[in-house]
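> Residues per chain, in single letters:
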Amino acid sequence: MMDALMLGFKDLFKNKRLFFIFEACLLMVCVIIMSVSFALIWELDQRSIDRTSSEAYTVIPTSNDMTSNSQLISKVNPLLNKGGRSFFHSEYLTSQMGLTTVIVIDSSLNDLLYSDEEMNQTSYAKIFTKADLDQTLMTIDFPEPTTFGSTDVSRFDERIFDSFFDDEVIIVLLHTNELGKWMESTYGSEIFDLVDNVQFTASDKQNGLVAAFEAIFDDSFLTLQPSSYQNDELRFILLYVFPTIAFVIAALLVALTIMYISLLKKLYREYTIHLISGATLKAIYARNSVFIIILIAFCLLGVSVLNGFELNDIFGIISVILLLIFFTFELLLYVVLKKRNISITLKGVD
Amino acid sequence: MRLLALENLSKVYNKNTRSETRVLQNCSFILNKGDFLIISGESGSGKSTFLNIAGLLDKEYDGEYTIRGQAVEKHNSNQLAILRNEMFGIVFQDYVLVEDASAYENIIIPLYYSKKYKRKERRNRIHEITQTLKIEDILNKSVSQLSGGQRQRVAIARALINDPDVLLLDEPTSALNQDLAQGILQFILSFGQKHHKTIVLVTHDTQNIPNVFNKHYQLADGKMTLC
Ligand SMILES: Nc1ncnc2c1ncn2[C@@H]1O[C@H](COP(=O)(O)OP(=O)(O)OP(=O)(O)O)[C@@H](O)[C@H]1O
Ligand SMILES: [Mg+2]
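Protein chains in written order, with the numbering used here: chain A, 1 to 350; chain B, 1001 to 1227.
Take the hints with a grain of salt, since some may be wrong.
Stated by the list, open to error - Okay, the calculated beta carbon distance ranges per label pair: (1) S1190/B / K265/A: 54 to 62 angstroms; (2) L252/A / N1026/B: 37 to 45 angstroms; (3) S1010/B / L281/A: 33 to 41 angstroms; (4) V254/A / K1015/B: 50 to 58 angstroms.
To be verified - Here are the computed lysine-lysine pairs in the BS3-like style, where the Cα-Cα straight-line distance is at most 30 angstroms: (5) K282/A / K1223/B; (6) K1134/B / K1015/B; (7) K1215/B / K16/A; (8) K1141/B / K1015/B; (9) K266/A / K338/A; (10) K1059/B / K265/A; (11) K1223/B / K266/A; (12) K1194/B / K282/A; (13) K1033/B / K10/A; (14) K282/A / K10/A.
These are computed hints drawn from the structure, not numbers from a lab. By construction, the Cβ of each residue, glycine as well, lies at the ideal position given by its N, Cα and C atoms.
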């Protein structure tokens, strides 16, 4: 077996130019698949977010003039009490409490605000935490009558927890006509956040809320761009980019296979001479596999480098594809070795 | 002692196609240990075809082939590989060398699969054989750069290297001039006698057969007859 491997390395060395061409082809296939996978996985991620709502926006600031900020807030405020949902990170409260604080407006959660019977007249905000933080919170001045201390956060928008890494997030659920009190009106970042995170459902759209919301920003320093264009991008990828790339990959794989077969033909005469001299098919198999295994190993190494040595989906996809190529090549070798008659192959080759 | 026996051997190339060629028909052949045997016949009579079958290189034939009393068809591919390695040393009509390798790399091939010679003994064995064939100083040359006579001796060295029981020689001297051919033949025959080998020599030259040969098969019209 040692000899077979040694001979395999010799074959590799003798055919090093072909080896590099093989490697380049294979890497090209992998890189194409990798970049397409990156794009596709990203797009699918985007789409899975969009699926929760019918309307979402990307916000683009178009001017530095933020004088209209408080005006915007006062218009957005009543609208969001009627429908839609959003949240923003409050700089002020975060610095006051020393814990990440998110302010949430979610019309579908208004029932949570009124479930405390004694407070139902005055409670306009309620604080939710994953941890029990009542004591600390009591000491802070809130702009409005506030109830403390529920730890059930299951009904909140999942994006809130996705966007902050800390385990302990304080969530202030707000039902108020005084959103301005909770927002820094001098800087645009909170309204920016609020609009960026806004989502409307299909029924909100039917009720005209979406149109009203968009109208608010017609003449402001923020421009709204509906995020649904991402779906078009996905469609474009699936419809045009994918077939093209599939074609390119198929062509490269066919080229690889043809090259491999011609390499086998070249090596086969020598293999035959070894078979005549008493080599087993197993020995020839082991010998030829050296070439394939080194080829695949180098390719995997290259992919790992490009992928930052991460064991993610893309690495998985590439591994499966390389494994398939490996088995195809081994199968081709098997067919060639089994089918050919030793004596016939000696003739005419030289 | 009977080494090989072939009975009712028939060989057809490209069966059931337009280029179907019947080469051997119901041939019988027996080889005993120590035989020096000659197979003669016209060009195209099927001598090489027969040698391929006898040397276990071609398994597409009709008939019964037994080696040391055991049917060849009952052997699996590993057992056949061992037989090829231990039993037969073949010198082909056109030598069949690995062209982009050195003489040394060609001669060593059977030793890779040998159970007789261990890894450590390879170098000595090659030295031993190449010395008697006088090709020691060309071992590192690529065989594509060797003369016909040198290639010939490399092929013979490869056939002898694993000390096989039977030497199958397919017109080993046809490509050489008369003197060289005689020299090589003499060498093989004396080597065979000294080491108690069994030899099958294929030739179309029936004029000067050395008298060490004890058996002579003639191939004509697909029939094999003992003269
Ligand atoms: N691989 C093959 N496919 C088809 N026909 C073949 C093949 N090999 C040999 N033949 C045919 O079989 C016949 C015998 O060929 P073979 O090589 O055995 O002859 P030979 O006796 O060795 O001749 P020579 O003395 O010229 O070497 C020839 O007619 C040849 O055309
Ligand atoms: Mg011949």
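> Among the hints numbered above, which are violated by the structure, and what are their numbers in rising order?
The structure breaks hints 1, 2, 3, 4, 5, 6, 7, 8, 11, 12, 13; every other hint is satisfied.
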